[in-house]
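**Q** Protein chains in written order, with the numbering used here: chain A, 2 to 193; chain B, 2 to 193; chain C, 16 to 262.
Since the hints were made in silico from the structure, they are not lab data.
The reader is advised that the hints may include incorrect statements.
What the hints assert, rightly or not - Here are the simulated SDA-like pairs of lysine to any residue, each with C-alpha atoms no more than 25 Å apart in a straight line: (1) B:132 <-> C:163; (2) B:63 <-> A:56; (3) C:105 <-> C:45.
Given the structure is predicted, the values throughout are model-derived calculations rather than measurements.
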Amino acid sequence: MTERADMEAVLEAILFVASEPLAKEKLLQVFDEAEAEAAETALEAVLARYENTPDRGVALEKVAGGFRLVTRPELHGYLRRFFEITGRSKLSMAALETLAIIAYRQPITGPEIHELRGVQPSGVLKTLLDKRLIKISGRRQVVGKPFVYRTTRDFLMHFGLQALEDLPPLEEFEETFSSEPELQMSLETEDL
Amino acid sequence: MTERADMEAVLEAILFVASEPLAKEKLLQVFDEAEAEAAETALEAVLARYENTPDRGVALEKVAGGFRLVTRPELHGYLRRFFEITGRSKLSMAALETLAIIAYRQPITGPEIHELRGVQPSGVLKTLLDKRLIKISGRRQVVGKPFVYRTTRDFLMHFGLQALEDLPPLEEFEETFSSEPELQMSLETEDL
Amino acid sequence: MHLPVFDGPLELLLQLVKVNKVEIHQIEVAVVCDQFHEYLSLMEEMNLDIAAEYIYEAALLIQIKSRLLLPRPRTEDGQPAEDPREELVKRLLEYRRLKDASQSLAEIHSMRVGVWTRRPQPMPSAEEPEALDLEEVSLFDLLKAFREVLVRFDHEHPEPYHLSRETFSVREQFERLLKALEGGKPFDLLSHLRHGRSRGEIVAVFLAVLEAARMHLIRLHQGDSGEVVLYRTTRELQTHELEAVQA
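All chains should be built: construct the whole structure from the sequences, respecting the hints.
**A** Written as structure tokens, this is what we have:
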């Protein structure tokens, strides 16, 4: 048996966690059949809570036969700006992979990175250059004279390395971490 | 210039979209410098809105140096049932002990952990690294150049800590070591 | 029979201290040492693998026990010599403290596991999915990423499969073997096989050894710890015999 206040809390939490619209029937299934009526009233209360008022940034939207919580469309500009300003310290998986290739295979050119990752790296290279994790250290004297990339001092500092020689070789990594899977010992505290 | 009500809405929307803790300073960056004071008041208002009340499923928590929206822990059972999540990440006792050693003694190396627990830690370290609860923060410049481990921001987030200082304090160390002569006489007692 | 499982020798020691109802700094090494060994022999009886760490700790206990039996001379400045147990006591105390701390972490963990955040959703300025916080990116991620690249590259660029590569001539190995044994040098077969680069090579070495033994050119000797050592006999190799070895 769920208290009415708890019901509202449960519904709000579910709507918050889910990112796709949830049908009312599906939503109410979380409670017992016998509580259907109370559950419906609780849902009404939650809906009322998210009524569109100017000071609220989140609204409960009815779409595609269901409900979902969304930010109010008018705020789009602010959100965009916020995540543009603050999103800079993120490193995408693509950037991380490219950084790893440069770290382990330096000095290396763009075409060589392309060959290894199978993806044109220019966008990612710009990100890494902007973050000062890599630098251009000349051109290779081959057709097209591509730039040659190396990691920077900032790179070493970021990863806590004294020198490039401290970069762990792949084998060390395998040795250190893939020995045995963690032993799941059951901890029994009975006496001997 | 942003209206006060809009400010609240913007802040709530940002907190809703970002799933990681946002530092207050970072949050307020979205507004102009000149509006700093009003922005701060708006943030207070949003915080008050998410005060813990039994009918609310979502709470604004202060963790890892910032604010973020999360569900209330008591609702876990309902959410699990609804999203049909089975077996959320369990940490073995071995993993928790190793995590505690790293949390309280960081920066610390693998061999040091081995010494403290008396057990080879590599499997457990891999688990903790994969869960992003710890990270390698370089190498110690001693023989063998072992990796140095630290806890991560995810660790703080997971354990609901603002900073490492918030870790529960360790029991006082019993420095006094009794070595009275009569004690040594009684050492040769009968076996089990 | 039911044998409790311990997560390492220190946990076992701590449990023994508890069972004996003494304070850690008054640990009775002789008693604990015997109980520790008793536990290990139980494990042995039940055919359980005993990790090297337990054996190490057991040896340490014996050492402390024997040092306790010896009279301890005073140091030069007349102070009593260090108690042989001191190091062990310190380690146990530190271990117990951290173990207690891990208990409180476990409690927090079980509560915090119930905290949910929103499921990821396309953001207004979605950069790329699965971005990591730059501050938090560590060597582990860098290495994982590099390995990922190499694995994917190998997957997308499979090496052409050469059957011919796998051929190893028995005669070639036969000749190498005899050369290695020249001058009466012993030859550790198993460790040599372990360094074989491929199954084909290992098979060829093995056949060469059998062939040489059949011709009484070598003697095989098995040592105490299972190693197989080869010695050259005094018998000369005839040219026609070499010709007969499968090329």
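**Q** For each hint, tell me whether it holds in the structure or not.
**A** Hints, one by one, checked against the model:
1. Only pairs whose Cα atoms come within 25 Å are accepted, and residue 132 (chain B) paired with residue 163 (chain C) is accepted, the gap being roughly 18 Å.
2. Taking the CA atoms of residue 63 (chain B) and residue 56 (chain A), the gap is near 22 Å; set against the 25 Å cutoff, the hint holds.
3. For the hint linking residue 105 (chain C) to residue 45 (chain C), the alpha-carbon distance of about 18 Å falls within 25 Å, and the restraint holds.
Violated hints: none; the structure is consistent with every hint.
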